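*Asks:* Residues per chain, in single letters:
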Amino acid sequence: MTIHPISAPVDSASEFHKIQSRPASIEVKDISVAFKTPKGTFTAIKDIDLTIQKGEIVALIGHSGCGKSTLMGTISGMTQPTNGTVMANGNVVKGPGPDRGIVFQNYSLLPWLSVYQNIYEAVDSVFKGKTSAEKREITEENLKMVNLWPHKDKLPGQLSGGMKQRVAIARAFAINPSILLLDEPFGALDALTKGSMHIELLKLWNLDNRNKTIVMVTHDIEEAIFLSDRVVVMNNGPAATIKEIVDVRLPRPRNKKDIVHDPAYMEIHDRLMGLLFDKFSIEDD
Amino acid sequence: MKKLLNLQTYLPLLFGIGSTIILIGAWWGISLLTNSEIPSPLMTWSVFNEMLATPFYDYGPNDKGIGNQLVSSLIRVFSGFGLGSLVAIPLGLLIGSSKTAFRLINPIIQILRPVSPLAWFPLGLLAFKAAEGATIFIIFVTSVWPTLINTAFGVASIPQDHKNVAKAYGFSRWKYITKVIIPFALPHIITGLRLSIGVAWMVIVAGEMLSGGVGIGFFVWDSWNALSLEKILSAILIIGTVGLLLDKGFDWLQKRFAFA
Ligand SMILES: Nc1ncnc2c1ncn2[C@@H]1O[C@H](COP(=O)(O)OP(=O)(O)OP(=O)(O)O)[C@@H](O)[C@H]1O
Ligand SMILES: [Mg+2]
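In order, the protein sequences belong to chains A and B.
In case it helps, my numbering puts the first sequence at residues 1 to 285.
In case it helps, my numbering puts the second sequence at residues 1 to 260.
Just so you know, not all the hints are guaranteed correct.
Claimed, not checked - Taking lysine to any residue pairs in the SDA-like style, the calculated list, with each CA pair at most 25 Å apart, reads:
no., chain 1, residue 1, chain 2, residue 2
1, A, 152, A, 141
2, B, 248, B, 16
3, B, 99, A, 37
4, A, 36, A, 85
5, A, 257, A, 270
6, A, 130, B, 172
7, A, 29, A, 84
8, B, 163, A, 187
9, A, 36, B, 158
10, A, 256, A, 245
11, B, 175, A, 97
12, B, 167, A, 129
13, A, 94, B, 172
14, A, 36, B, 157
15, A, 29, A, 94
16, B, 167, A, 69
17, A, 154, B, 186
18, B, 163, A, 85
19, B, 175, A, 105
20, A, 130, A, 98
21, A, 256, A, 275
22, A, 243, A, 53
23, A, 243, A, 32
24, B, 163, A, 160
25, A, 128, A, 98
Stated by the list, open to error - To list a few chain B residues with every Cβ distance to chain A over 12 Å, as calculated:
no., residue
26, 6
27, 10
28, 26
29, 108
30, 125
31, 213
Hints listed in this document are in silico derivations from the structure and should not be mistaken for laboratory results.
Computed from a predicted model, the values in this text were never measured in an experiment.
Virtual Cβ for every residue (Gly too), placed ideally from N, Cα, C.
All chains should be modelled from the sequences, with the hints used to inform the complete structure.
*Replies:* Here it is as structure tokens:
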């Protein structure tokens, strides 16, 4: 059987038409990334084309090692593609910039700085024109958002994995970028915290009139559907390409409890499962 | 159970007593074998006590208390060591973070590092026209290498993750140095300083034998001329103890600045 969520009826309350007519926020043009290894060059991703509109939330899924972080790296500017170009907000990406906030897969906190300082230093670096009182306020606001204000003086070594992840999220949010690049941002969180982080993410997105573009890597299909407008499924590497892009035409605001009973949700869920696990078939249910 | 617990708590003390017995026993044995040409621990002990009774007496340029000697040696060591560190740390930061600087400077380090610091003494004399300056100069040269090498190594081994943070959030050069490089390299720098002060303390004894004047090294040499082996042995014990204390001090610093 085949499912085409693309042809599913569009809910009038949703924002899809609006999104499609918006300017491109990220344009990945035919990029390939090859790494030099002692055994020769290793092509991680190949011929990737992807345009993401301003205000879109896109999830990136695929098996471990397929090249999701590599693709994110080319958008963030941390990795230079071997071929092709990436545009962000109309400019060719040559390196990282304050218009793109990154949450690294491994949190990447500086272990000698307190939770507070980890965020403050990023804020201080990006908002050069602001007074230190303003910068302190931004830091405080974002730490409170992730519920870490009581832990602000701890060192990263004294935090749990989930707490570190929340610091990394607060840091990326704090610089108020127009593009958020999140590499498995909620992976280490328990279901409850994860749920509240989803709400915070969407709140932030709504607060900014859905102008922020969010690209996130996840292994969690439910999370991908709940949050995103499109889910990009990648093939297995080496030389991984985009297998398929699945539209998530579910109206917003979405309710986590109700959404799972929506037939459209189930269709998308099954489609993604099918793409990720070749042997999967819905008849097995 | 209770007995075992007691034994555990006293174990370090017991081992301490054990090693003291071994040291004194071996010493005594050698003393007996050499017909007391090497003085026994007991003979040394009385001279040692005498020396410590009036550590700061001053009967002219060639007759000063052990305390005076120690203090002037320590002043020289810390002057040379301080100057050496002032050069070694920034230079280490530079060659650790720049491949070009590393490739330019590393061969020079490799050539000069194995040279005994004493070989620099004549150059020091030439430059400073005084033994005092020359002695501090050789301590300076001595202290540079371990700190330089450890600092450079520390900086060069900064994990990619930490560099990524700086890159992603556009840290200025100054912020990168003060918030990433130095905090990461600090434990390595302190290790370097600890090694440097250790070698400097070893070299000062030899240096002062060359330079004369006041100082623990000169004191050893002077005691040899006066044929007072008891004084030499006492001085060795004192030098060892001070060296140990210096090392402990830097060990404490190292623990203090280790980040979790
Ligand atoms: N710096 C590098 N040098 C060599 N190979 C690399 C490098 N970075 C990534 N790779 C390789 O590229 C491939 C893709 O890696 P990447 O980290 O993008 O995977 P991923 O999809 O993010 O995996 P995961 O879900 O486990 O995070 C892997 O095979 C990896 O070994
Ligand atoms: Mg990854």
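*Asks:* Decide, hint by hint, whether the structure agrees.
*Replies:* Hint-by-hint comparison with the structure:
Between residue 152 of chain A and residue 141 of chain A the alpha-carbon distance is near 12 Å, which keeps this suggested pair within the 25 Å criterion. Taking the CA atoms of residue 248 of chain B and residue 16 of chain B, the gap is about 17 Å. The hint holds against a cut of 25 Å. Distance check on the hinted pair: residue 99 of chain B and residue 37 of chain A sit about 21 Å apart at the alpha-carbon level, within 25 Å; holds. Between residue 36 of chain A and residue 85 of chain A, the direct Cα distance comes to roughly 19 Å. Compliance with the 25 Å bound is thereby established for this hinted pair.
The straight-line distance between the Cα atoms of residue 257 of chain A and residue 270 of chain A is roughly 18 Å, inside the 25 Å bound, and the hint therefore holds. Using a Cα cut-off of 25 Å, the hinted pair residue 130 of chain A and residue 172 of chain B holds, with the two alpha carbons roughly 16 Å apart. Between residue 29 of chain A and residue 84 of chain A, the direct Cα distance comes to roughly 6 Å. Compliance with the 25 Å bound is thereby established for this hinted pair. A distance of roughly 23 Å separates the Cα atoms of residue 163 of chain B and residue 187 of chain A; the hinted pair therefore holds under the 25 Å criterion.
A distance of roughly 21 Å separates the Cα atoms of residue 36 of chain A and residue 158 of chain B; the hinted pair therefore holds under the 25 Å criterion. A threshold of 25 Å between alpha carbons decides the hint, and for residue 256 of chain A with residue 245 of chain A the separation of about 22 Å falls inside it, so the pair holds. Taking the CA atoms of residue 175 of chain B and residue 97 of chain A, the gap is near 16 Å; set against the 25 Å cutoff, the hint holds. Proposed proximity of residue 167 of chain B and residue 129 of chain A is supported: the alpha carbons are some 19 Å apart, at most 25 Å.
Restraint check: the Cα-Cα separation between residue 94 of chain A and residue 172 of chain B comes to about 17 Å, which is no more than 25 Å; the hinted pair holds. For the hint linking residue 36 of chain A to residue 157 of chain B, the alpha-carbon distance of about 20 Å falls within 25 Å, and the restraint holds. Distance hint between residue 29 of chain A and residue 94 of chain A is fulfilled; the C-alpha atoms sit about 14 Å from each other, no more than 25 Å. Simply put, residue 167 of chain B and residue 69 of chain A have alpha-carbon atoms about 16 Å apart, close enough for the 25 Å limit, and the pair holds.
Note on residue 154 of chain A and residue 186 of chain B: the hinted pairing holds, with a Cα-Cα distance of about 20 Å set against a maximum of 25 Å. As the CA atoms of residue 163 of chain B and residue 85 of chain A are separated by approximately 24 Å, the hinted pair is consistent with the 25 Å bound. Of the supplied pair hints, the one linking residue 175 of chain B and residue 105 of chain A holds, its CA atoms being roughly 23 Å apart against a limit of 25 Å. Taking the CA atoms of residue 130 of chain A and residue 98 of chain A, the gap is near 15 Å; set against the 25 Å cutoff, the hint holds.
At most 25 Å may separate the alpha-carbon atoms for a hinted pair to count; residue 256 of chain A and residue 275 of chain A meet this at roughly 23 Å. Between the alpha carbons of residue 243 of chain A and residue 53 of chain A the distance comes to roughly 20 Å, so the proposed pair stays at or under 25 Å and holds. Pair hint residue 243 of chain A plus residue 32 of chain A holds up; C-alpha atoms about 15 Å apart against a cutoff of 25 Å. For the hint pairing residue 163 of chain B with residue 160 of chain A, the CA-to-CA distance comes to about 22 Å; that is within 25 Å, so the pair holds.
Distance check on the hinted pair: residue 128 of chain A and residue 98 of chain A sit about 11 Å apart at the alpha-carbon level, within 25 Å; holds. Non-interface call for residue 6 of chain B relative to chain A: holds, since the shortest CB-CB distance, roughly 35 Å, exceeds 12 Å. At the 12 Å boundary, the C-beta of residue 10 of chain B stays outside the reach of chain A, the nearest C-beta of that chain being 34 Å off. Once the 12 Å rule is applied to beta carbons, residue 26 of chain B is consistent with being away from chain A; the minimum gap is 45 Å.
Distance check on residue 108 of chain B: its Cβ is at least 31 Å (rounded) from any Cβ of chain A, clearing the 12 Å threshold; non-interface status holds. Interface exclusion of residue 125 of chain B from chain A stands, the closest Cβ pair being 44 Å apart, more than 12 Å. No Cβ of chain A approaches the Cβ of residue 213 of chain B within 12 Å, the least distance being about 44 Å, so the stated non-interface status holds.
Of the hints listed earlier, there is not a single one the structure fails to meet.
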